[in-house]
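K.L.:
Spelled out, the chains give:
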Amino acid sequence: MGAQNSDNNAAKREGMTRRGFIQAMGTGAVGASLSGAALAASHGNEPPEKILSAKDTVKIHLHINGADRAVLVEPRWTLLYVLREVIGLTGTKEGCSRGECGACTVLVDGIPRYACMTLAVEAQNCHITTLEGLMQGEELGPVQTAFVEEDAFQCGYCTPGQIMSVHGLLEKTPRPSMDEIRIGVSGNLCRCGAYNNIFRAARNAAERKIK
Amino acid sequence: MSNDRYHTVGKSILRRGAKERLTGNPIFCADMEPENALYLKAVRSRHPHAGILGIDVSSAMSVPGVVQVFTAKDIPGKNLMGIINKDQPLLAEDKVRSLADPVALVAARTPGAADLAAAAVSVDYDPLPAVFDPEEAMAQDAPQIHAKGNVMVQKKVCRGDVTAAFDKAHTIIEKTYRTSAIEHTYLEPDAGIGFPDEDGTLVIYASTQNPHYDHKEVVSLLGVEDHAVRIIQAATGGGFGSKLDMNVQGFIGLALYHLKQPVRYVYTREEAFLATAKRHPFVIHMKTGADETGRITAMQMKAVCNTGAYGSYGIAVASRAAVHATGPYAIDNVNLECTAVYTNHPFCGAMRGFGTPQMALAHESQMDLHARALNMDPLEIRVLNGVKKGTVTATGQVLTDSVGFQDCLTAVQPEYEKAMKGWLSEPTPAYIRRGVGIGGMWYGIGNTGVQNPSTARVAMDREGQVTLFTGCADIGQGSTTVLSQIAGEALGLDAMDIHVVVADTKYTTNAGATSASRQTYISGNAVKQAADKLADVLLTEAVNYLKIRKSDLRLENGRVFDSRHPEKQVAFSRLAPRILDKGGELSWQGYFDPETVPLHPDTGEGIPYSTYAFACHAACVEVDVLTGETSVCRVIAAHDVGKAIHPENVIGQICGGVAMGVGFALMEEFVPGETISMNDYHIPTAADMPCVIPIIVEASEPSGPFGAKGVGEPALIPTAPAIINAVTHALGKRIYALPASLERVLDASIASGHFNNCYQES
Ligand code: FES
Ligand code: FES
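From first to last, the protein sequence lines stand for chains H and Y.
Heads up: the first sequence runs through residues 1 to 211, numbered per the working numbering.
Heads up: the second sequence runs through residues 1 to 762, numbered per the working numbering.
No wet-lab data here; the hints were simulated from the structure.
The beta carbon of each residue, even a glycine, is placed where N, CA and C say it ideally should be.
Certain hints may be false.
[As the list claims (entries may be wrong)] Using C-beta positions, here's what the derived DEER-type ranges look like:
(1) Glu463(Y) with Arg208(H): 36 to 42 Å
(2) Lys211(H) with Pro26(Y): 30 to 36 Å
(3) Lys211(H) with Val671(Y): 48 to 54 Å
(4) Ala70(H) with Lys19(Y): 53 to 59 Å
(5) Thr467(Y) with Arg208(H): 58 to 64 Å
[What the hints assert, rightly or not] If we take Cβ atoms under 7 Å as the criterion, some of the chain H residues that face chain Y in the derived model are:
(6) Arg76
(7) Trp77
(8) Ile87
(9) Thr90
(10) Leu140
(11) Gln144
(12) Asp151
Bound conformation, chain Y alone:
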């Protein structure tokens, strides 16, 4: 892991914006209050499924302090939103499809008046039968949620001959797995403010993961020209996928359009829970066959996921789930299918991993079941099946470079063996049983088999000051720092010496979403390309100035110098005016789109991603057989990230992913109508946090900026399966549904006899 050849890449420099976050300055939307701002409040549906016969706003309008109440008919443009399929109205028109659906929007002078008026809006509903279970929603006579039917999409990946392979298999294992709906629970509830600027542009500050998408959507809702709306990303207090959807932005745009007056909308925690996307709950039927050596030869997988009332990112979740079903293993014969179904559940969308964490529970449980059937060690069976250079994936893609899965397995092995030999046999109280489990994962970087380019601009002014313009939303993961490091490396500058303009649709071009762990790889490449172009212009002018050939010149500390005679040098600030005066260009645009091939609709054949991240976690758990309480003591987490541009950031992502994985494994479950806030939705606290041993593996990716891939979502994916496998190891009884709550673990403890044994002894 030598970073010496790099100037700033590979160094954990102070993160950009670090100090600003700790002074109390108003940087989040809820901290900003434009003068005379009106307060907005959405009126939400009272039924999970109902026709709307009429909406009466007269009594709401008579509440003192109310300025306006809007309904769907006030939307001047197209009342439909959705990044992949447009099926979600900003305000309901003829029907509501879930309890989260907004039917009207109040603008008032005080929050109290907004609340009173929202309660006074009277909607005449015609209740319809509702369906919440996706398998039931697929039945012929199920209530129809959208005109085009309840099956939103079905994604398939087939390769080889599954039937023949199962016929020949030595062991076949077939199981059903279930996962729960998950609420992202970012600490900052969704918020935004808006105001018209001097020339009438509607300016919206939003807590968002994708300002350029928000811009497109607000423009379309309002039916206005592009330049009439400007979206600026405010500091964003976490997103994890949920802030990819439009939350308050559309409401703010609508009110601004009509009232031309500053407005403010901050969700309460309850509204953030009710009205924003969830992680898709899955039902996964998985069947795998292995030969007598433990090599997996066939997999059949049928999954149904609940996308709720609207599509959001559901199509991406379904295709990613199908593509990732095999896990990081070479399986020649596969038949994989994932169906996303509309129901009256609040809508589900993107959440850290897009269906991959759900799949990982299934494929990693199957791996352990095969290992057990053949009396193999769980690590050994993964080494045997794990992908390597040259492996052909389920979509027919040959993995050629940066395939670090085996390295991850090797990296966890010493700690894993120590735990298996030493830690497991340490004495514990009779009611505590220990277990060790492994989880593996792979994750394609960027969107699945579709174009998802990023752009960036790097510009130098006359004085030689460099500014990076990027549309990439930093939501806490540190992309602004990483992108500055990449630009700095290309230009021989310290990252902090580069000015940045970030995520403002007036000044930056589209970088695509902060999702799919794509920004370091895709936007990183766009930034690098722009910076390389600027560097080349500087070098060219330096040749002229220094009379030295280009290949001998280097950039460092704001100057160009002769690598053989470093005293021969010229500062950027001297070169910049010379270039400009000759009519040269100092502002350069970069563009990058990963090389992919769209997947065939029937077979899934194609190249979904140009590169993959890999990881392996080993979890050590203690289970209280009398209470069902599981403590995760230690997680060893090895991640192949290609190249860690900012190692501390990578470690931060890994530890944060583990925390979220602990929640997914053991405690989190969103139940619509019941889960109101963190009081009934439990996320891990400091005391639930295991000791994490992060291990960075760097299998350099030739197409990545300085070899980098991504880590944001991979960090979370292997944790839950590793914990479930560890709990199974401890109890000798497997849990097939997440979360492995107290009740489920206790059931397993009772079924395995440990509860009784311990209870009788004591």
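This is chain H alone, in the form it adopts within the complex:
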């Protein structure tokens, strides 16, 4: 009959339950916003000399799904806005624009981030991976295929974000435990409640990738 899984009390204590999730958001623990300073430091960016107003545009370079893109952005634009509205990559979804749902999850230098909580200028020179970047030509990549195989979605709106979180998890932890999976996707809400199948899909994806 499927969809059975083991009891999970231990994980629940450690993982992001709804309340833990909310608390953690404030401190950025669930891979949400990149601190600008930290990013600038990690990429050796000098602070801009000229003080820009919010309406000025700056040219920045983003490495998106393996391709280099130069885009003109206003400093206040989020990475989510730039991906969707400027570049036209609609695989990254907007569910709240306030760091509360995970629909906008992308990988920034291999780490799952909320694109709505990351300014585009912060992602300057970073390697960004979106759902489109997981495609293998016209075919679905392994994590996407695992989601189809395990029926790990209903409406599909949270799914790109879930897939990016699983992909990010597997890059770091190729053989995740059930608890690690649970924690790995606990920053991605799914109102259709496909969670149990998402866990299965993560396992399935891990096996596919190892093969």
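We have chain H already, so just place chain Y with the ligands on it with the hints.
P.N.:
For chain Y with the ligands alone, coordinates are given in the frame of chain H:
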């Protein structure tokens, strides 16, 4: 559960549209951007209740980039919406009734300009006293929200002699239950786009559960002919009832009508929270009497639900609540009444279950209270009272077929007993107490005592290709897949070999709403009827061609063959041109309306539904007596669905329903003016998700397509009562108001002494 006699029904085939959802293609409205689209933004009320003395749009119009600002006087047709009772204006005219009410609509070239202009619209309000509590709103001197009074509707169901039955009862239990307003929190905020096509038709793509209703409503708002508007359902990121109402569709229609230019409106999360329907909060007074064996002999129930500023689906919620108050139990004497009341709360409408989840909290708590009073096991008292074939319901309907409640109880029993015996007695830290609880439910499929037909068309072209045309909106639950399976089964085709045209008012006929768990049963029957007609035409022509009598012929893999000599066969592609050339018909319409009888206005007597789904959940919880935190560890969920056309889909619905039930039970509460977004409205995350053990029970429904009924809403209904009963079991103290938040559980822990015992020990 043998599926062998079916070709595709009962098989969990790849869902339609699965891959398309995972490539990043622009399939949702917010992904679509027609060229030169204008951005729309509604200006919402600043008062929960106020007269409007005037609206000044001049400074808004002078914001650079603004194209137009519309108010009620720009609406060319009828400025009233509502699927059951029309009481909600698209844009407020003389007054606002809630903070969600739109008063003006801005169209601008950029989102920034739209926001600035919306803020610059100046409205002269005359604030009125507001009322938010439905019981207060029923008072004589309460502020009047609509001209016809604050009581929107009262639904009653009476049968037998309640007074006499209470006189004779051995135990009587009387309690009051409260539930909170719930925000659907679908992940995709409401969105739509529109553009005029070459011949001037106003085309609207919408995130919706009912494109044909949207069509009717937009046509009426604009006062235009039917063909002037076309609604197409875009991929819809969940709905759960809220996307049955008009959200952005009316605004898009209005702007398109005047500007004849592409427009786009995507709600922010905050706007989706503020401006869309909520689940009705209920206050339920319930009194039940039982004899000494535990048989419930009488129920009196008075409920008041808050429909907020507008009716939306409130009338359906009230009648469904009254009809379902007894739960899946045979109770001979009942007096049930549900009143829906207008207040200045943002409007409440349909949400997964229409009042039944609220009722289930009450009847399932009462069941446990009776069991406790008589020292019975909770499962045993449900078996004793549970409906069976032949039971007469509160509305006087005799349940004749597909009554799987007892089977559901039997199905959860082994796991329930294991939990009661083994799991409960495992050692836990002192601050953790475990509990096991049961919840039962029944749910009538389709709308309550009213006609709610569906139509569908199945057509074959000259080459033998079959296309299914259905108006049924798939909002993620998988109806397109299920309907293709039903058509495929009738025609001996793989579901995936059938083309589908879905939820486009230009090409499909009305299938009614994706609500009330009705699409598999009602639209499934319409599709089956159309497909059966086409199959019969093919068989008839095959008789001619093969010279074999019809009863020996079968359809399979795109051909008709002799069941005794399978080598004698003819392909659909050969039959199709022969039929057409003779002037035959290859395009067939199906129609189905469930057999119901309208309910008597005073007694509720009648046949509200032609069939019911049943379910039982058992929940295992751990309560931290020091913090009030409740973890749901495991839910065993047995559902009688008649027939699982697509078992994985059914399991998906069950697991999703459990997730939503966990939220309803433990954390969700929408407070107008305070709840802004998911930051202050908590829905379950992956880490809140229990282990779910779904069990499919199939008590075949003779009137259903291949025996099927429905599961979408039933999935959610028993979870919350099962959890509340489990928490009560853990603490020995009952919680009567949802959600059972940290504070409420902690209060119960303190009141029961567990907090103190544990605190002193440590
Ligand atoms: S859209 Fe970024 S977290 Fe919701
Ligand atoms: S699949 Fe609908 S929100 Fe996750």
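K.L.:
Now tell me, hint by hint, if it's right for this structure.
P.N.:
Verification of the supplied hints:
| no. | hint | in the structure |
| --- | --- | --- |
| 1 | Glu463(Y) with Arg208(H): 36 to 42 Å | holds (38 Å) |
| 2 | Lys211(H) with Pro26(Y): 30 to 36 Å | holds (32 Å) |
| 3 | Lys211(H) with Val671(Y): 48 to 54 Å | holds (50 Å) |
| 4 | Ala70(H) with Lys19(Y): 53 to 59 Å | violated (32 Å) |
| 5 | Thr467(Y) with Arg208(H): 58 to 64 Å | violated (35 Å) |
| 6 | Arg76 | violated (11 Å) |
| 7 | Trp77 | violated (11 Å) |
| 8 | Ile87 | violated (12 Å) |
| 9 | Thr90 | holds (4 Å) |
| 10 | Leu140 | holds (6 Å) |
| 11 | Gln144 | holds (5 Å) |
| 12 | Asp151 | holds (5 Å) |
Checked against the numbered hints listed earlier, the structure breaks hints 4, 5, 6, 7, 8; every other hint is satisfied.
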